[in-house]
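K.L.:
Read off the chains here:
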Amino acid sequence: MYTNLVLDDRIAEQLAADVSLNSSIQVRCGNSNAFNVTASTLIPLMQMFEMGGVYICASVGAAERIEEFKAIGLTDEDISRIQFVDLVSSGILGGTDVAYTNIHFVDSPIMLESVLLRTLYILRMTTSARNFVFLDSVNALAIYNDDRMLAEYLHTFINTFRQREVLSVILNVPDQTPPLVLANLDLYCTDLIDRGQVLIN
Amino acid sequence: MQSTSNYTRDRCVTGIHGLDEILRGGIPHGSTVLAAGTCGSGKTTLAMEFLVRGALAKFPESCAHFTATEPSIKLLENIRQYAFFDMKMVDSGKINVFDMDVLYSWLGLDKASFDLDDVHALIKAIINIVHEIGATRLVIDSVTTLCYKIKSEQLIRDFLFTLGKKLASLGCTTILISEITSATENAHWSSFGVEEAIADGIIVMGDVERMGHLLRFLQVVKMRGTSHSRAKHAIELTPLGVMLTPMLKWGAQHDKTNKVGG
Chain A
1 MYTNLVLDDR IAEQLAADVS LNSSIQVRCG NSNAFNVTAS TLIPLMQMFE
51 MGGVYICASV GAAERIEEFK AIGLTDEDIS RIQFVDLVSS GILGGTDVAY
101 TNIHFVDSPI MLESVLLRTL YILRMTTSAR NFVFLDSVNA LAIYNDDRML
151 AEYLHTFINT FRQREVLSVI LNVPDQTPPL VLANLDLYCT DLIDRGQVLI
201 N
Chain B
202 MQSTSNYTRD RCVTGIHGLD EILRGGIPHG STVLAAGTCG SGKTTLAMEF
252 LVRGALAKFP ESCAHFTATE PSIKLLENIR QYAFFDMKMV DSGKINVFDM
302 DVLYSWLGLD KASFDLDDVH ALIKAIINIV HEIGATRLVI DSVTTLCYKI
352 KSEQLIRDFL FTLGKKLASL GCTTILISEI TSATENAHWS SFGVEEAIAD
402 GIIVMGDVER MGHLLRFLQV VKMRGTSHSR AKHAIELTPL GVMLTPMLKW
452 GAQHDKTNKV GG
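Protein sequences, first through last, are from chains A and B. Its first residue numbered 1, the first sequence is counted upward by one per residue in my numbering. Its first residue numbered 202, the second sequence is counted upward by one per residue in my numbering.
Take these hints with a grain of salt, some might be off.
As a list, the in silico SDA-like pairs of lysine to any residue whose alpha-carbon atoms are at most 25 Å apart [unchecked claim]:
| no. | chain 1 | residue 1 | chain 2 | residue 2 |
| --- | --- | --- | --- | --- |
| 1 | B | LYS450 | A | PHE49 |
| 2 | B | LYS289 | A | ARG124 |
| 3 | B | LYS457 | A | PHE105 |
| 4 | B | LYS457 | A | GLU152 |
On the chain A side, residues computed to face chain B include the following (Cβ under 10 Å) [as the list claims (entries may be wrong)]:
| no. | residue |
| --- | --- |
| 5 | GLU113 |
| 6 | MET125 |
| 7 | ILE143 |
| 8 | ASN145 |
| 9 | ASP146 |
| 10 | ARG148 |
| 11 | MET149 |
| 12 | LEU150 |
| 13 | THR156 |
These aren't lab readings, by the way, just hints derived from the structure by calculation. For each residue, glycine too, the CB sits at the ideal point set by N, CA and C.
Please take these sequences and the hints and turn them into a complete structure.
P.N.:
Below is the structure:
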């Protein structure tokens, strides 16, 4: 069904075995497998658990991410179950001129509180009974934000969604994430999907 | 061992996301609260949502809004973009919007400045309207514009004190909107300096600048009759209404509270 990409089935197995709605999952990936790991996590959440949710784009613009999802076989109906919060495109002239109606723009990745509030607003509007919040990615936020502020934010972020029984999925490339932030993620997250080490055959 | 009191005042539950938590349950009933903020900080939206939540409450409250900064037609046109607002609330009389200009004309107060008699006539008219419609939530937007017509500081003090006292006796919880040009720590929360002393509560709204971007904030600096958080909270004006979350503590090292026009 999903063309041009072989999903990592072990991620789906781990999600099925370990994860509940108030879990917070740290997903570690490398530079070269980031999209594969993202898709291998997101698709089972939508297919197996019939979840909807919010995808926070800090790495690439939401429209570009949607096109990538479509290219591997996600349908318009699948995409419509996700609301995207785009922190990238407002910083690019003409970046917010997109055809999709499920993209919400935040001015900048430094407006961390606005990202949280916008996500909470979307969750109040959603009709889906089970929801995730997918943060892509911590290392992109780390470009703009102070380490201690980002660590504090992730603490708030995880606890906010855990309290509301919304599954939080936090993607990061560990060798590009500040040690303080990584240490805090280890502390706060309930589960770890570790694909940070890419094996080369 | 020191005894502790279990006494709590009745609350006017604002219904605004996060604000009642900050206020440990809501605004103490019958209070006069100054909502002081810089331009574009969300004062009018917050005040209008306060009325809407009252009108939509389990036991619906009658609400009144006196507008002095913009005509009621324009106010309602602007507020219609919010999903929490429904024009039917105005049509059905749950929310009553009054133009101060019309009220001035009706009272024969079409003049540049008000004397003591004028002020008392104005108080009487507002109280009569509140009494007549049984309003338990009132907004005056803005008290700054209104007070520009009252030339003496003593008269402003008298106006606000008497109005607040009479509204409290009617069980009406009031938000007075105050326009300020700066929301920094050293700023006054009102244009004339007396409003903040008379008010039972002060909610400050403004912008903090973080690395070139403006982030709206709200802070309850005073609220008589209740304990409350005094932390700065980030706010978003969403179609569902105002939403709040505590501001990041480590963000403060980058943040500058904005001074408009200064």
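K.L.:
Which of the numbered hints above does this structure break?
P.N.:
Hints 1 and 7 contradicted; others consistent.
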